[in-house]
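Enquirer: Make a model of the complete structure from these sequences and hints.
There are 2 protein chains.
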Amino acid sequence: MEGLFQYFMPVKLCVGAGESRKVSQYIKGDNIFIISDPFLYQNGLAQTIGDSLAGKNVKYFFEVEPNPSCESVDKAAGQAREMKADCVIGLGGGSALDVSKIVSCLVTNEGSIYDYYAGGSRQLKKREITLMCIPTTAGTGSEVTNVGVYTNKKAGIKMPMVNDELWADYAVVDYELTYTLPAAMTASTGMDAFCHAIEAYWNKGANPVCDMLAIGAMELVLNNIEIACQKPQDDEARAKMMEASLIAGIAFSQTRTTGVHALSFPLTTEFHANHGTACAITLPAFIKISEEKQGEKMKRLAKYLGYNTVDELANGIWALMKKIGLPVRLSQLGVKETDLQHITEVGLGAVIMQLTPATMNEETVYQLLQSIL
Amino acid sequence: MEGLFQYFMPVKLCVGAGESRKVSQYIKGDNIFIISDPFLYQNGLAQTIGDSLAGKNVKYFFEVEPNPSCESVDKAAGQAREMKADCVIGLGGGSALDVSKIVSCLVTNEGSIYDYYAGGSRQLKKREITLMCIPTTAGTGSEVTNVGVYTNKKAGIKMPMVNDELWADYAVVDYELTYTLPAAMTASTGMDAFCHAIEAYWNKGANPVCDMLAIGAMELVLNNIEIACQKPQDDEARAKMMEASLIAGIAFSQTRTTGVHALSFPLTTEFHANHGTACAITLPAFIKISEEKQGEKMKRLAKYLGYNTVDELANGIWALMKKIGLPVRLSQLGVKETDLQHITEVGLGAVIMQLTPATMNEETVYQLLQSIL
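Which chain is which? The protein sequence lines are A and B, in order.
Numbering-wise (this note's numbering), the first sequence opens with residue 1 and increments by one.
Numbering-wise (this note's numbering), the second sequence opens with residue 1 and increments by one.
Please keep in mind that the hints were generated in silico from the structure rather than gathered at the bench.
Everything hinted at is true.
Computed footprint of chain A on chain B, listed as stretches where at least three residues anywhere in the stretch have a Cβ under 8 Å from a Cβ of chain A: (1) 15-29; (2) 206-220; (3) 246-260.
Not the full set, but computed from the structure, chain A residues with beta-carbon under 7 Å of chain B: (4) V209; (5) G216; (6) E243.
Note that beta-carbon positions come from the ideal geometry of N, C-alpha and C, so glycine has one too.
Expert: So this is what it looks like as structure tokens:
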């Protein structure tokens, strides 16, 4: 019968065109630490937001890299502590937001991220300062999750940290920030949002609240991603893609992700695919096997999205990915047959792999990878 | 282009069969005050939950009446203060939950509800104790809103109070509690949930997150309400109706309701209809006029729910109401033509009336009422 579920998503959402220039109304305290990346330094967006905080003491950290490292986190935390930050603002894609989440905690939790993450022995105490996340891509949904993904560079391992202290106080979602996103990034981040939605929907921990959100997010991506890639200034397509990312984020914040994300970890750290591409590349293959344990539910989804069968949905996603310029075969990322065993093992090492609605073991994962080599 | 919206729903949801007997895991502190109604005293449900809190000091208040009065609130608050409650549990339909919400605040806010509500001059300070809401009907959604509706008996006025201190810490949603709900209550509370969903969907303050939830909730009600009325022990129908109520509650917690609820207030206080019936009775008429300002959106909804036109949807709801034994004409509640002007005026006095997607003035509201007399 009906399974148990829990749901908790306490982030205040402030959504709309231009909202990112009005954030001062939400901020108490004088010392603001903005965490962003080199690209948003160069195009001046971070400074525009900083300048809108008239009368505040604003400092910046622009050293967030893709797949952000624990070392970057600790460096940023040191600077935030030094300025006695009252508020940390994360501005950027998933990387900057993820760094801002843990840094906002470390301001009043001493030590390094390693003390709290991946085998660290300390528990985060309640966050005492404000955390605001402002996404500049439409994909990660990080602004509405309690997850941060960090990379231990020495060990070469990328791992998620899940903690209720990582919920932002505010997610400020302003689609105008995505006008300058290049088509390739629009494509890969948009497909990341689609993956979040479908992985929430077919998840072993799915629930009816998130199912509805997931369906809505998938429909929004399918209806808008091509236009957003072709016409970067198209208001409606940009707004809808931002909504899709947000709604998919809420959905997977409750369920976590599945095999698609589990396999993306080695593809990003070892084959340097960006996150969205590394997820999307296995998506059609996962859709094809999702009927094993979610047959009826996946058939309903396919129908809702305008396809006759789950297989047709998988093929439709595959065709869409080709159209928007995403790779659809692992060999396009430089993966060789001899790499598949290792990717299989790393993927199976992620606990989320077993939330996939199909049997996931060395044989099935290897086969899946081989089918898209 | 895309409108601004905000979203905030910080309640922790704990959903599943039997969850109401496991609430002790969420409760800190020793003094528990359970607020419920005479029916749940008689059938022993409140005591079952109280007994599950082994080792705690549990006191009960069973005097919650339909359309709860400010006097009942103050009486309960006095008892909760006297026992120095660490946690208030509301158990029941919307009335008991609404009383529990404000009482949990009044434990550490001195004075009467009148000091804080409907023209009162004081602001509620942050709630200091735990508030848990456990619904026993599938309809009000009160467990996931920051609204309480209270009646000033002397003035004969029923008015909502909206305050962020009224968010529960926990909503414990256990469909097994609805097995004993009589068919008439299943019908009226279920249609209340449908009203919440459609009023969130066509609301002037609608947003894409709540739209998806609302659509899902409406579909669940339409697919399950008849079975739940006919077979009170049908696990699946009861579970789905409880989900519908919860999901619709989340949706309207963000948008508020519209004309349907505005007109229900005089119909409950003056014509003694129960809340769900008082809402549902005007619903088909409101659906018929909703195309005025939400034409495209309502057409999409009708199609999604299996109807060709919005008018067909209205007629389908009307037929469903007759089938499950709900009145469909105001005269069935004892309303006379000479009452319509007064009902119109009271309805227009509620601010939510203007969130309806149609022109709402003395003429249009009177016409709407007359059409269903």
